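Engineer: Can you make the complete structure from the sequences, with help from the hints?
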Amino acid sequence: MSTIDHLATDMFDIDGQQFSSRLILGTGGASSLASVEQALQASGTEITTVAIRHFAAAGSGSVYELLRRNNVRPLPNTAGCFTARDAVLTAQLAREALETNWIKLEVIADEHTLLPDPIELFSAAEQLVAEDFTVFAYTNDDPALAKRLEDVGVAAIMPAGSPIGSGLGILNPHNISTIVARSNVPVILDAGVGTASDAALAMELGCSAVLLASAVTRAHNPALMAQGMREAVRAGRAAHLAGRIPRRDVALASSPAEGMMQTLVGEL
Amino acid sequence: MHSIDIQLNNQAHSVPAGSTARDLIATHTSRALGEDGRAVDGSRLGVALAVNGAVLPRGKWASYALCAGDRLDIVTAAQGG
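Same order as they appear, the protein sequences are chains A and B. Per numbering that gives the first Met the number 0, the first sequence starts with residue 0, numbered consecutively. Per numbering that gives the first Met the number 0, the second sequence starts with residue 0, numbered consecutively.
Everything labelled a hint here was simulated from the structure, so no lab data went into it. Possibly wrong hints are sitting among the right ones.
Stated by the list, open to error - Chain A is nowhere near these chain B residues, computed Cβ spacing over 12 angstroms in every case:
hint, residue
1, ALA11
2, SER13
3, SER18
4, ALA67
Unchecked claim - Per label pair, the in silico range of CB-to-CB distance:
hint, chain 1, residue 1, chain 2, residue 2, range
5, A, ARG246, B, ASN9, 50 to 58 angstroms
6, B, LYS59, A, LEU223, 45 to 53 angstroms
7, A, ALA238, B, SER42, 38 to 46 angstroms
8, B, ARG30, A, HIS219, 32 to 40 angstroms
9, B, ASN8, A, ALA129, 26 to 34 angstroms
10, A, LEU167, B, VAL39, 47 to 55 angstroms
11, A, ALA55, B, GLY17, 22 to 30 angstroms
12, B, GLY58, A, ARG217, 39 to 47 angstroms
13, A, GLN40, B, ARG30, 25 to 33 angstroms
14, B, GLU34, A, ALA241, 51 to 59 angstroms
Only a predicted model underlies this, so the values are computations on that prediction, with no experimental measurement involved. Cβ atoms here follow ideal geometry from the backbone N, Cα and C, with glycine treated the same way.
Structural biologist: Structure, rendered in structure tokens:
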């Protein structure tokens, strides 16, 4: 039997551009660039996050060249910044180095939780939008803060499912649904994904895309996990668009009661 | 030859007097750079420069003469989530 792909024309729209993949892969945590490349190719991703760090003169290959030869668009981040000031400078450097206005804005509160600092995040978002950046705002799963970030002009809201690298999945699905329902910009689930079902759930909740790194790069077999994530994101997207059945308290038979043999009916 | 001391990526570094930011980046990346701060071979360089905590756009690298005590950060894309 031949299969028909009902998602063939389903595109991820962001910043006026269209992508066929709704999986954004981070490159952090991988043991080698070769491992990153295999995972990227298995994931089918078209957008990948990178950090901005000191240039090492005798580097062992370049992430930048890797992304270029795989035709993957870089999404630089401000990982490691604790203040709006540092995040804005990092974004400015990223724009200059990678020649993109895109920035994944991360302003973390402390090393222990790696959770976003809402005050510094909001301040940085305001400044970066004013400087014509396309801001992807990594935020807490807080519907009120998400709305404030949207109002200030960010291009995408990226709520954390759970703390970065924790693999705890989506701890508050209700908040993610609320953020999606109230948002007029794409919502991208970011952080906390541990395995494929977490990515599928994010898409079922209505997220436009999923960003994950550690779940793939630190998996025993990163390329195989990347493939699993690719398929999970597609599965979750299809389920979201298809419209799930309502939850019921009691069973509802799927086989008809009509036409049953009398002897069997008598036993019911 | 007279040289000046700067900080490059958090390390003490010394450059010939009269060096520009372009000279430093060309040496550090082993790439030939034009007046516009772009690689003369036409491929993208993928690096940015901060001088004393502020971005110096590539178009200004050739005209910026390094000063003693300057703190420079040359950055590029690295693995990250």
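Engineer: Hints broken by the structure, by number, lowest first?
Structural biologist: none
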